[in-house]
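Produce the entire structure from the sequences given, and follow the hints as far as they go.
Spelled out from the first residue to the last, the chains are:
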Amino acid sequence: MDLAYGPKYEAFREEVRAFLTKYKSQAPKGLGAAGRPSPEACSWQQLLIQYGYAARTIPKDYGGYGAKPDILESRIIAEEFSAARVPSALQNQGISMLVPTLLELGTEEQKKKWVKPTLRGEVVWCQGYSEPGSGSDLASLQTRATVDGDDFVINGQKIWTSTAHEADMIFCLVRTEPDKPKHEGISYLIFSMKTPGIEVRPLTTMTGHAEFNEVFFTDVRVPKTQIVGQRGQGWFVANATLKHERGMLGDPAAMETRFQALVDLMREETVDGQRAIDNPIFRDRLVRLQAELAAMKFNGLRLLTSASKGEDSGLARLIVKLQSCELTHQISALAIDVMGEFGVLYDDSPYLRSHGSWQWGYMFQLGLIIGGGTAQIQKNIISERGLGMPREPKLAK
Amino acid sequence: MEFALSEEQRMLQDSVRRFLEQNAPLDKVRLAAGNTHTVQRSLWAGASELGIPGMLIPEDFGGMGLGFLDAAIVYEMFGRHVAPLPFLGTAVMAPLALMLAGSEAQQEKWLPKIAAGEIVAGVAVTERIGIREGAGVKARKGTLTGKSLFVIDWAEADLYIVADSDHGLHLVLPDAKGLSRRALNTIDKTRSVGELVFDRVAAEPLRLSSADAVARVIDAGRVMLAADTLGAGQMMIEKAVAYAGERKQFGRVIGSFQAVKHLCAEMAAALEPSRSLVWYAAHALDEVPGDARLMACHAKSHLSEVGRFVARTATEVHGGMGFTDLLGLHYWFKRIGFDRQLLGGPELVRLEAAHLQGWAA
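As they're listed, the protein sequences go chains L and U.
Counting from 1, position 84 in the first sequence corresponds to residue 83 in numbering that gives the first Met the number 0; the numbering is continuous, with no gaps.
Counting from 1, position 171 in the second sequence corresponds to residue 170 in numbering that gives the first Met the number 0; the numbering is continuous, with no gaps.
There could be a bad hint or two in this list.
Okay, the calculated bits of chain L under chain U, using three or more residues with CB under 8 Å as the criterion [to be verified]:
#1 288 to 300
#2 314 to 328
#3 340 to 348
#4 381 to 391
The set of hints was computed from the structure by calculation and includes no laboratory data.
Just so it is clear, CB atoms sit at the ideal spot from N, CA and C, and this is done for glycine as well.
What follows is the structure in structure tokens.
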């Protein structure tokens with residue numbers, strides 16, 4: 000057990016700090032969540048790539064910085080940007096999911112064409128996976144692509160497509176081999192969202208906002224060359240991508256920020272003149288969450304150590320999505336309870352606290368518990384892969 | 000940056016695990032549980048050959064000079080095997096009290112004996128956490144009066160370390176005049192606790208006693224209890240998974256039903272991150288003093304909650320068999336239940352954690 004990074008990494012940390020001191024003033028106010036980055040955000044991203052603080056390990060030929068992968072360096076960059084409250088590298092589905100997939104399985108031409116502008120924030124992607132009838136059982140998806148001359152012709156519907164209304168491009172799973180077993184009949188296509196026949200409809204959720212979309216395809220023609228991997232191999236291409244998605248969830252630093260905001264809230268909110276933090280029941284719940292957060296934080300350090308040695312951390316990794324989403328949701332739940340009636344204020348109501356973000360978060364985070372592999376699917380994964388328990392007997396092909 | 004056990008630590012843990020697998024299988028635990036207030040001398044002698052009683056004691060006094068993380072991973076193995084041995088008081092809290100507050104002469108007199116496994120040392124600190132039944136010990140002119148409950152490693156102790164109500168720590172011999180002792184029988188038959196009643200009992204103060212020394216002894220005890228629960232909980236999960244893989248109903252092993260699998264997943268999901276919390280809390284006792292007390296509180300309270308969930312859930316996965324004495328699963332259930340209350344239940348400990356952060360009015 001050694002929590003120090005050592006001289007080599009501390010020197011690297013100094014480099015990062017020097018960069019931040021020098022360029023901090025050029026940073027945009029915020030990068031926005033997952034939508035289209037502003038021009039300022041794009042230039043900031045390009046500066047970060049130039050200095051190796053974004054796209055750090057992507058080869059230079061494809062528009063990255065070309066450093067050797069070093070997870071501790073990545074961690075130090077994240078720590079220092081967070082400490083300086085400076086927006087770090089752009090994060091979106093194109094960068095975190097499509098780019099790694101293309102680098103692993105794309106053709107040379109695809110890599111050359113798409114990786115660089117995606118990294119620079121110039122091309123925005125959305126993900127066409129889930130369908131109304133295919134959620135947890137994603138491989139049952141029914142959006143069809145039939146061959147007509149040099150094109151695929153796509154018909155069907157996708158759902159939960161965040162940023163579809165702003166995206167330039169989509170990476171999309173379609174059924175090309177309807178007669179094959181479900182996992183072997185899927186192909187992975189990439190195409191422009193401006194292709195004729197695509198309709199995007201916003202999907203309003205329980206939060207009252209449209210964080211997602213539905214996407215409808217009617218006779219959408221896509222050249223056959225725009226496939227990633229082989230025909231019928233799309234499921235395996237997508238799994239490479241899903242593997243990258245799991246890394247995006249369960250960031251202990253983000254949970255810690257929410258927890259600190261909760262502590263501040265509990266110091267400010269009063270009932271009958273008593274601060275919430277002085278109420279023994281609220282306080283007990285707060286400390287209980289703090290202990291859970293500490294466990295997740297140290298679990299994260301353990302994962303970091305395993306990853307830096309190239310070891311698989313097994314259970315410690317498999318439980319992250321389930322536990323982090325639940326904990327995040329519980330932090331919001333306590334915030335709402337602390338506020339009482341004020342906790343259900345919403346929209347632009349008088350007396351609204353924190354712009355209604357706790358209530359929005361409480362609802363949206365329930366979506367995160369369900370999305371990206373439901374809690375129940377996570378428990379299947381933990382018990383089957385982590386504990387070696389028997390799989391559910393398969394009924395349907 | 001290395002948040003992991005070292006190679007040496009993994010070897011240490013393996014050797015303790017093998018020792019307990021060979022020497023303290025469940026039938027031995029059952030026998031010992033029939034004599035809770037008797038020290039298992041031959042088992043303790045075996046543990047002494049591995050250096051366990053003196054693991055925290057400096058080499059100058061015949062110990063191994065190891066750290067709290069080493070002690071925690073050893074006690075984790077004790078929890079895993081519900082080992083009926085006096086580790087918590089004798090190998091951790093008593094030597095720590097002597098190391099923090101004892102004079103050189105006191106250390107020279109007692110630490111080598113503890114390290115050699117020659118003596119059992121009980122620890123009476125419960126009233127420093129909470130007073131019930133009018134307990135508490137007053138020190139006056141070299142004597143102690145009052146009573147202390149839930150004295151750890153009470154049975155056959157050759158020495159007691161007793162905290163008074165004013166941050167003092169004292170050495171008391173079991174045959175001292177005016178000292179009366181009563182065993183307390185708990186659900187956990189693998190560890191002995193008892194009551195000490197003092198009527199002007201001659202006691203030798205540890206000269207460097209302080210509020211901080213008492214608190215550090217309690218911190219260390221709490222982290223060890225968390226580690227014990229971690230090991231016991233891990234074993235309960237493994238037993239539940241194994242049972243669910245064998246037991247058949249409706250023509251299938253019950254482990255293929257999601258209702259059962261999900262219980263196992265929930266246990267693993269709760270316990271696995273707790274392991275990292277225990278590691279850090281133990282590491283902090285040695286290396287991060289500013290974090291140590293808060294993390295001891297978090298480890299103790301969090302493992303108490305996770306432990307309770309695992310103990311009842313693993314029992315449920317075993318169905319009716321889990322409820323019987325035949326499988327012996329209840330030894331783990333009771334061990335975890337005992338760990339939860341000793342040295343402060345989770346609500347009390349969380350209140351302390353709040354005070355530490357200035358959160359309580």
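Structure-based check of all given hints:
1. 288 to 300: That given contact holds, which follows from 9 residues of the segment 288 to 300 of chain L lying within Cβ reach (below 8 Å) of chain U.
2. 314 to 328: Per the Cβ count (5), the hint holds.
3. 340 to 348: violated (count 0)
4. 381 to 391: That given contact holds, which follows from 10 residues of the segment 381 to 391 of chain L lying within Cβ reach (below 8 Å) of chain U.
Checked against the numbered hints above, the structure violates only hint 3.
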